[in-house]
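Note that the working numbering has the sequence shown beginning at 1, numbered continuously upward.
Note that these hints are calculated values from the structure, not bench results.
Ideal placement from N, C-alpha and C gives every residue a C-beta, glycine not left out.
Hints are not guaranteed to be accurate.
Under the rule of at most 20 Å between Cα atoms (straight-line distance), these lysine to any residue pairs were calculated in the SDA-like manner [unchecked claim]: (1) Lys22 to Pro40; (2) Lys22 to Asp38; (3) Lys9 to Ser37; (4) Lys22 to Arg43; (5) Lys9 to Gly33; (6) Lys9 to Gly36; (7) Lys9 to Gly52; (8) Lys9 to Asp38; (9) Lys9 to Ala21; (10) Lys9 to Lys22; (11) Lys22 to Leu8; (12) Lys9 to Arg48; (13) Lys9 to Gly50; (14) Lys22 to Leu47; (15) Lys22 to Asn39; (16) Lys22 to Leu4; (17) Lys22 to Arg65; (18) Lys9 to Asp29; (19) Lys9 to Gly61.
Derived CB-CB ranges, DEER-like [claimed, not checked]: (20) Leu4 to Arg43: 17 to 23 Å; (21) Glu42 to Gly70: 25 to 31 Å; (22) Pro12 to Arg65: 15 to 21 Å.
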Amino acid sequence: MSALDDLLKGLPPTLSVSEAAKVFNVSEDVIRGAIGSDNPEERLPALRIGRGYTILTADFGAWARARYSGHSDN
């Protein structure tokens with residue numbers, strides 16, 4: 001299991017933009033930028049609900065793993 005998997009373990013099934021930003025200690029603007037990215041390879045999938053977004057934790061994990069450059073502990 002990687003350090004990233006350890007970080008993502010135990011998260012709720014869905015995340016707000018604010019919660020997702022706190023996971024990686026980045027601003028909410030970084031997460032919103034990823035959601036709205038014109039590049040499909042960089043885009044973070046999210047559900048638009050009302051005025052905000054809900055991010056499925058499974059999608060958040062897949063998105064993060066695609067960008068993770070760390071080593072695996074396996």
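Hint check:
Between the alpha carbons of lysine 22 and proline 40 the distance comes to roughly 23 Å, so the proposed pair goes past 20 Å and is violated. Annotation: proposed proximity of lysine 22 to aspartate 38 is violated, straight-line Cα distance about 23 Å (limit 20 Å). With a C-alpha separation of about 26 Å, the suggested pairing of lysine 9 with serine 37 is violated against the 20 Å cut-off. At most 20 Å may separate the alpha-carbon atoms for a hinted pair to count; lysine 22 and arginine 43 meet this at roughly 18 Å.
Restraint check: the Cα-Cα separation between lysine 9 and glycine 33 comes to about 24 Å, which exceeds 20 Å; the hinted pair is violated. Proximity of lysine 9 to glycine 36 is assessed by CA-CA distance (about 26 Å); at most 20 Å being required, the pair is judged violated. For the hint pairing lysine 9 with glycine 52, the CA-to-CA distance comes to about 24 Å; that exceeds 20 Å, so the pair is violated. Using a Cα cut-off of 20 Å, the hinted pair lysine 9 and aspartate 38 is violated, with the two alpha carbons roughly 29 Å apart.
Distance hint between lysine 9 and alanine 21 is fulfilled; the C-alpha atoms sit about 16 Å from each other, no more than 20 Å. Restraint check for lysine 9 and lysine 22: satisfied, since their Cα atoms lie roughly 14 Å apart, inside the 20 Å limit. Annotation: proposed proximity of lysine 22 to leucine 8 holds, straight-line Cα distance about 12 Å (limit 20 Å). Only pairs whose Cα atoms come within 20 Å are accepted, and lysine 9 paired with arginine 48 is rejected, the gap being roughly 24 Å.
Taking the CA atoms of lysine 9 and glycine 50, the gap is near 28 Å; set against the 20 Å cutoff, the hint is violated. Proposed proximity of lysine 22 and leucine 47 is supported: the alpha carbons are some 19 Å apart, at most 20 Å. With a C-alpha separation of about 23 Å, the suggested pair lysine 22 and asparagine 39 falls outside the 20 Å cut-off, and the hint is violated. About 14 Å separates the Cα atoms of lysine 22 and leucine 4, which keeps this hinted pair within 20 Å; it holds.
Between lysine 22 and arginine 65 the alpha-carbon distance is near 17 Å, which keeps this suggested pair within the 20 Å criterion. Distance hint between lysine 9 and aspartate 29 is unfulfilled; the C-alpha atoms sit about 24 Å from each other, more than 20 Å. As the CA atoms of lysine 9 and glycine 61 are separated by approximately 9 Å, the hinted pair is consistent with the 20 Å bound. For leucine 4 paired with arginine 43, a C-beta distance near 19 Å keeps the hint of 17 to 23 Å intact.
Under the hint 25 to 31 Å, the C-beta atoms of glutamate 42 and glycine 70, about 19 Å apart, miss the expected range. Checking the proposed 15 to 21 Å range against proline 12 and arginine 65 shows it holds: the Cβ atoms sit about 18 Å from each other.
In this structure, the earlier hints numbered 1, 2, 3, 5, 6, 7, 8, 12, 13, 15, 18, 21 are contradicted, and the remaining ones agree with it.
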